[in-house]
Amino acid sequence: RKEVEQDPGPFNVPEGATVAFNCTYSNSASQSFFWYRQDCRKEPKLLMSVYSSGNEDGRFTAQLNRASQYISLLIRDSKLSDSATYLCAVNIRLGNTGRRALTFGSGTRLQVQP
Amino acid sequence: DGGITQSPKYLFRKEGQNVTLSCEQNLNHDAMYWYRQDPGQGLRLIYYSQIVNDFQKGDIAEGYSVSREKKESFPLTVTSAQKNPTAFYLCASSIGTSGSSYNEQFFGPGTRLTVL
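Chains as they are written, first to last, in the working numbering: chain F, 1 to 114; chain A, 115 to 230.
Worth flagging that the hints you see were computed from the coordinates, not collected in a lab. Careful, some of the hints might be misleading.
[Claimed, not checked] Below, simulated DSS-like cross-link-like pairs (lysine-lysine); rule was C-alpha separation at most 30 Å, straight line: (1) F:K45 to A:K171; (2) A:K171 to F:K42; (3) F:K45 to A:K185.
Build out the structure end to end from the sequences listed, making use of the hints.
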């Protein structure tokens, strides 16, 4: 089982629709969670950090469900410019050093159509 | 302007050659990372560095080497031992990874490496 899993999509939605993505993680000790947006042939850009209490930034809402080990991203009133791949990232302890790095999902592709 | 720069943007290599990808940041971040991304895939961690003169292997370190002689710089060398090096290489940095908290990573624009 992959440490971080996402539905690759694509999710094809009309403008104005609400769309949600989930991302599951396998390491119950994970403590930090993020959503990144990646446009075609570009670098990932941080969209949101995901806090235990959930957080909202405009049309974007991120939630964390520790019991079921997943995070979610909700996009309301989709715009054409939201078309991109959305990557989730989870911090995973590496070895016994206590050091951590992010593990990324493979991404979910969103295509918003006029 | 603060940020992370990577060079070159595109790089072509003949089989058997070593190449070095540059990554520089002026964000005063302690931690730096190298990832590889293949088409339609997520990011896979190659190497990371917490502080100067220290670095650790990630998930796919074989065929790669790094150095961290300065806080601002974390170059990646793709050696001839890397059998399938054609990919998109991304460098990232974060304030640090101390304790139980974790800071967001920020990425450079990437280098596309093609082996001819």
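Could you tell me which of the hints above the structure violates, numbers in ascending order?
-> none
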